[in-house]
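S.K.: Produce the complete structure using the sequences and hints provided.
Heads up: the protein sequence lines correspond to chains C and H, in order.
The letter at position 48 of the first sequence is residue 48 when you use the working numbering, and the numbering goes up by one with no holes.
The letter at position 488 of the second sequence is residue 488 when you use the working numbering, and the numbering goes up by one with no holes.
Any given hint could be a false lead.
As the list claims (entries may be wrong) - As a list, the in silico BS3-like pairs of lysine-lysine whose alpha-carbon atoms are at most 27 Å apart:
#1 H:Lys254 <-> H:Lys221
#2 H:Lys137 <-> H:Lys36
#3 C:Lys247 <-> H:Lys427
#4 C:Lys247 <-> H:Lys334
#5 H:Lys334 <-> H:Lys365
#6 C:Lys356 <-> H:Lys221
None of these hints come from the bench; they were simulated from the model.
Keep in mind it's a predicted model, so treat the numbers as computed, not measured.
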Amino acid sequence: MKFPYKIKFESRTNDVPKWLPLATSLGAVVVAFIISGIVLWLIGGNPFQVYRYFFTASFGSWGAFSDILVKATPLILIGLGCSVAFKMNILNIGAEGQFYIGAFFASMVVLVPIIPLDSPKWLVLTLMALMGILGGALYGFIPGFLKAVFNVNEIITTLMLNYIAIFWNNYWIFGKYSDAGFQMTPTFDKVAWLPRLADLAKDYPFFSGITLHLGVVFGLVAAVLIWVILKRSRWGYEIALIGDNPKAANYAGINIKKNIILVMMLSGALAGLAGMSEVTGVVHRLQERISTNYGFSGVIVAWLAKLNPFAVIPVAILFGALIVAGREIQPSGLSFMIQGTILFLVISSDVFLRYKVRIVRTHQEEMA
Amino acid sequence: MTNLPENTPYAVEMQDIVIRFPGVLANDHVNFTLRKGEIHALLGENGAGKSTLMNVLSGMYQPESGTIRINGEPVSFRSPKGAIASGIGMVHQHFMLVPTLTVTENILLGLNEPKFIMKLATYDKKIQKLQETFGLKVDPTAKIWQLSVGEQQRVEILKTLYRGAEILILDEPTAVLAPQEIDELMETMRTLVSQGKSIIFISHKLNEVQAVADRLTVLRKGKATAEGIDPQGLTRTQLAELMVGRKVIFQVEKVEREPGEVVLEVENLSTTNNRGLPAVRNVSFQIQEGEIFGIAGIAGNGQSELVEAVTGLRPIEGSVRINGTEVGNCSPQKSIRCGLAHIPEDRTGMGTAPNLSITKNIIMKNYAQDPISNGWRIDYLAAHDHAAELKEVYDIQAPTVETMARKLSGGNLQKLILAREISGDPKLIVAMQPTRGLDVGAIEGIQRLLLEQRQKGAAILLISEELEELLMLSDRIAVIFDGELVGEMAASQADLNQIGMMMTGALRSDG
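M.R.: See the structure below:
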């Protein structure tokens, strides 16, 4: 006797309903937590307790939630930058390096200093933001130019440039601007600190200890901007066309080389701004390891958000929560396991968008 | 023609096959039989259910109802493996070969023998022997990329024969071949059946069917409109009616028209192919308003490169002018601004972006122009309206304009490209193989559109391998051979024989 039912995959002939991509992604996240729970249980832990702890450690208080948003801020900016590049099929995995160069350029404003430190705060911060954007964009220009003119594979150049950026940074914080021989510069003057909610604690005691800084607003504004570019602008149309079929784009008269360079620069600029936001909003100095792999997590965030600028925000917050909770929990690899499982399942859940899965009765004659 | 006796046993009997896809009945109680040693032709428009029926036979789909018998035995394939075991082999229209491997290696791919050490020399001999039996000449040690399309097809046939196929399904095998290669293929098919194989031959063309097939089955919209009839004595009009369900006029009306000003001037044009070898040599011609200039030739004689050179996609030596403006070695954008419409040979690779919507594909050439765009943004409402209007006018069959281009059939994809290119009121249309692979109904529509544009005063460069089409549409015809234009004549005085000889390089008349 054969099992009377079988699973059948049918290619979708109709368009996918609008809600389905969101539903499958959410479903994949839930299943990822269930699978991780089973692993936890197998190694002798109590998954319910762990998850409850996870939850309180990340969403349990305003302070913890603000920590998540602080972690999510660079992920939002980098995730957006990666989304733009990936949309055009440019695999920029150099956000880490662009982040460091952005941080470096921004820091130079106060370290050199480029303008007197008694200038108004808004002027210093605006200049730092612009420098961060410029640094990231220039660092994105290099692989973009090499790809456009010499057809050099951007995966390799962006990856290698990451190491160069990190060592470049190290040179300056060790050699030139070191704080008493430590691997960091002196703390910036307060004029170069991004405003935080905690600054308002004098008038609103509720905000005391809340570390959330203005950088998160950069992230939200950038999301709107990137959405407008991708979904409403001529440039966004060109990016989508090149990404889907560069030969068709060339045939339509679009300048592909120019677009490769511009998109790499935009992608780098967003990562550079993330670097500026991190040094001015969180660490308040240039030092080693200002990024905890934000550049690479940003790649994952972009994929999980299916390159949708608004979806980048909740995905970055989820990853921020995993980072924050990961600090609180032993073994610390746990949050990486969950991240990995989520990525794996979300990417494989695409099968539901391409196929209709039906459970059907096996045919009578086959049962005989 | 093999003239089999009536009582020859059946190799394949398919009865009352029903296949349902969401929203369509792809096969509606179809019957199909194939005798041993017979060539049975299967015809139908794109989407008529031919491929579905053959996929049922080769085990890819399981029918909802109906029975299949192979050599009298009822079978039920649950996967292609079962079908292969029963001796059914399918030669797909798109070859599934690895270009960097040799013929022998490709044939052995995926088999259990040889196990670890390849022992290629032994297998080369085996395959040589198989070739001699069936008259399929191809060097077993040659790499696939070195072979012509016809030779690659032979490798595909050898692949199925090596796997023990007794029943061969050839899916539109002639669509990719040059005229002589078609003759060779027909010869091979005759040899195969004389050796006891049976063949299902899918085709669009009546003359091919009449040349080799014993019987003929026609499908339309999932139903058989003719079951196993004798193809001899059938006229093209009758066959087209069976396929399309209405009368098709093969002679598209062409009105006499006095050509106007010169639109395209090509002077001493030379260019190279992707490997850097000369592909077009010192070609000069002019096309006037309201004139169709046809270029005949066997594929691979520089046609693709010539088209890319004229449309600004390939760097050139010499000069290309549209209405007096030099566009050679400029950007494709400049040619487009000069009023160029280009119907490319490769509809999916160049003509469209498969994962974008119909709307986004339709605005490809005018996305930067009013009313679709004002300044930096694109007005997607206007784009949607524009696309919906063209979808209606050009009868593009799709659920909505938001449907992805890759979900369109070949004919509808070509209509999309034509709609986009022609709606911009072009001064010059460069069309390469505009009707290749389409069914009779779609071909007629596309030819009519081209003639309409000629009437409106567009200059048209038409490149085709279908001589008949060229003779019917063109005002003047030239032949391209080895990158050179070897002869030019008025279409009314063209002689098929002469053109045929020029295409093979046996004759040239510079004039």
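S.K.: Against this structure, judge whether each hint is valid.
M.R.: How the hints compare with the structure:
1. H:Lys254 <-> H:Lys221: This hinted pair is violated, its Cα atoms lying about 31 Å apart.
2. H:Lys137 <-> H:Lys36: Holds, at roughly 25 Å.
3. C:Lys247 <-> H:Lys427: Status holds; Cα separation ~23 Å.
4. C:Lys247 <-> H:Lys334: 17 Å, holds
5. H:Lys334 <-> H:Lys365: This hinted pair holds, its Cα atoms lying about 12 Å apart.
6. C:Lys356 <-> H:Lys221: Answer holds: Lys356 of chain C to Lys221 of chain H is near 24 Å, not above 27 Å.
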